[in-house]
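A.B. asks: This is what each chain is made of:
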Amino acid sequence: MVSFITNLINGLSLGSIYAIIAIGYTMVYGIAKMLNFAHGDIIMVGAYIAFTVITTLSLPVGLGILFAVGGCLLFGIAIEKIAYKPLRKAGSPLAVLITAIGVSYFLENMALLIFGSDPKIFSSVVPFQTVAAGPFVIPGTTLISIVVSLILVTALQLFINKTKPGQAMLAVSQDRDAASLMGISVNGTISLTFAIGSAMAGVAGVLLCSAYPSLSPYTGAMPGIKAFVAAVLGGIGSIPGAMIGGLVLGIIEILARTYISSQLSDAIVFSVLIIVLLVKPTGLMGKVIQEKV
Amino acid sequence: MAEMLKVEDLKVKYGVIPALKGINFKVDEGEVIALIGANGAGKTTALHTITGLVEKSGGRVLFEGKDITHTPPHKIVSMGIAHVPEGRRVFPELTVYQNLMLGAYTRKDGAEKAETLSGIYRRFPRLKEREKQLAGTLSGGEQQMLAMGRALMSKPRLILMDEPSMGLSPIFVNEIFDIIRQVSEQGVTVLLVEQNAKKALTIADRAYVLETGSITNSGKASDLLEDDSIRKAYLGE
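Just so you know, the sequences run in chain order A and B. Using the working numbering, the first residue of the first sequence is number 4, and each one after it goes up by one. Using the working numbering, the first residue of the second sequence is number 264, and each one after it goes up by one.
Hints listed in this document are in silico derivations from the structure and should not be mistaken for laboratory results. We treat Cβ as the ideally placed atom computed from N, Cα and C, and that holds for glycine. Please note: incorrect hints may appear among the correct ones.
[What the hints assert, rightly or not] Calculated pairs, DSSO-like style, for lysine-lysine (alpha carbon to alpha carbon, straight line, at most 27 Å):
1. A/Lys-84 / B/Lys-338
2. B/Lys-269 / B/Lys-338
3. A/Lys-165 / B/Lys-418
[Said to hold, decoys possible] Label pairs and their in silico Cβ distance ranges:
4. B/Asp-372 / A/Leu-153: 35 to 41 Å
5. A/Ile-278 / B/Ala-374: 51 to 57 Å
6. A/Thr-59 / B/Lys-274: 32 to 38 Å
7. B/Asp-372 / A/Ile-278: 21 to 27 Å
8. B/Gly-482 / A/Lys-290: 58 to 64 Å
9. A/Leu-97 / B/Asp-490: 21 to 27 Å
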């Protein structure tokens with residue numbers, strides 16, 4: 004029983020990292036109406052920045068996190084401006100999708116060029132190894148991941164519901180033209196969305212590599228796909244959906260890895276997606292999209 | 264009367280198909296101007312070009328003497344032009360209150376905003392009742408009121424209304440036209456696009472008739488109401 008609960012907590016922790024990434028995916032989809040397949044690679048960019056600042060330059064951990072988050076934020080804005088914005092008027096979703104895949108390869112190869120292909124050992128940013136609570140011994144990173152993602156999600160919800168830029172994001176996601184008639188800059192709002200989503204991916208990168216310390220140019224690819232699955236599972240476009248999707252996915256992955264097979268755990272994760280979509284095509288929290296008359 | 268809006272030789276193309284073939288019209292301060300015409304004549308396109316939702320292929324748009332031909336849509340509202348789009352286009356998953364506040368998005372005057380809001384609630388008591396309801400759950404007529412209220416939240420000097428009576432029951436149609444008249448009486452200039460030509464000409468000062476991208480007739484609304492060709496083509500007589 005103790006080990007089951009410990010596994011559940013580990014799943015929750017991995018799931019909360021997926022959730023942070025999935026929220027970025029889902030926000031960009033909801034507001035910019037595109038699937039940003041390069042989103043996962045931002046995780047890797049964040050982790051490399053943190054690695055460089057903390058390990059290579061031996062600067063304080065806090066500074067490393069700050070640079071990672073700030074760097075990802077700027078990367079996100081730049082990628083949107085350079086790669087996606089020029090395509091927005093072309094109105095072809097396929098062109099944007101292919102470009103996103105291109106950006107993903109670009110980021111991976113850029114990291115390959117700068118850091119080489121051999122994995123770096125990422126030292127955890129969490130200052131304590133384990134926390135003991137009664138019979139449970141929980142790794143520090145696990146605990147921190149859960150706490151950080153809770154804080155981020157709460158802050159994001161407050162931002163969206165209580166601030167003007169947040170309301171502008173909702174407006175743009177529901178009706179771009181009508182939003183611009185309200186005086187909302189659609190381009191500015193999309194830019195802001197990329198900034199927030201990418202900064203969160205930066206946080207996820209630091210957390211992920213603290214928990215799984217091997218860092219390579221492809222570190223972000225699989226978590227990126229998993230987070231995409233989480234976003235679809237929860238109902239793409241829905242922030243609470245991405246949160247729940249991420250948590251469910253993380254728990255399933257850890258439980259499957261422990262109790263069924265570590266090789267099959269990914270297959271099981273994707274099977275869950277297929278089954279959910281067969282039963283509920285819009286995802287767990289997704290709304291049925293009504294055609295406008 | 265001071266000239267408020269002037270449209271000169273405005274041209275729009277959708278691909279190779281011309282939607283507006285160089286139209287000219289003007290709106291003076293305090294007027295109610297109707298733009299009437301059949302489906303597909305270019306009425307909505309004309310409004311969209313003014314607020315910048317559609318690219319122009321030629322011509323100029325002047326508002327209070329300033330050239331706004333290439334001003335992007337999100338900069339238009341703070342200049343004093345509000346646009347009530349066709350099909351209301353309220354934000355369906357936001358509450359009535361949130362929709363109204365987005366109407367005042369560019370305003371920086373906190374206290375006066377609350378005053379405008381209570382004014383709008385007085386004019387549309389039904390919106391007050393449904394303040395916390397999601398806009399998507401309102402009836403068509405209520406959504407139209409919300410779209411108008413949202414536009415008025417920006418305290419516009421000129422309001423563009425695109426087919427406000429479309430798809431509404433006759434009772435609501437009368438109510439909507441009463442409201443347009445009240446808005447005009449409070450000093451807001453109105454440019455109205457309508458398929459319901461009779462109603463539109465009844466409340467308008469002047470009107471322009473659009474036919475397949477060109478203005479074919481214009482004049483005092485009361486004269487156009489008596490015009491035989493207009494009566495045949497648009498008033499079903």
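A.B. asks: Now, for every hint given, state plainly whether the structure supports it.
C.D. replies: We went through each hint and held it up to the structure:
Distance check on the hinted pair: A/Lys-84 and B/Lys-338 sit about 20 Å apart at the alpha-carbon level, within 27 Å; holds. The hinted pair formed by B/Lys-269 and B/Lys-338 meets the criterion: a straight-line CA distance of about 18 Å does not exceed 27 Å. Proposed proximity of A/Lys-165 and B/Lys-418 is supported: the alpha carbons are some 23 Å apart, at most 27 Å. Taken as a hint, the range 35 to 41 Å holds for the pair B/Asp-372 and A/Leu-153, whose Cβ atoms sit roughly 37 Å apart.
Look at A/Ile-278 against B/Ala-374: about 55 Å separates their beta carbons, and that is inside 51 to 57 Å. Distance hint check: the CB atoms of A/Thr-59 and B/Lys-274 are about 59 Å apart, inconsistent with the given range 32 to 38 Å. A hinted range of 21 to 27 Å for the beta carbons of B/Asp-372 and A/Ile-278 is inconsistent with their spacing of about 54 Å. Take B/Gly-482 and A/Lys-290: their Cβ atoms lie about 49 Å apart, and the range 58 to 64 Å is violated.
Distance hint for A/Leu-97 and B/Asp-490: a CB-CB separation of about 51 Å, inconsistent with the stated range 21 to 27 Å.
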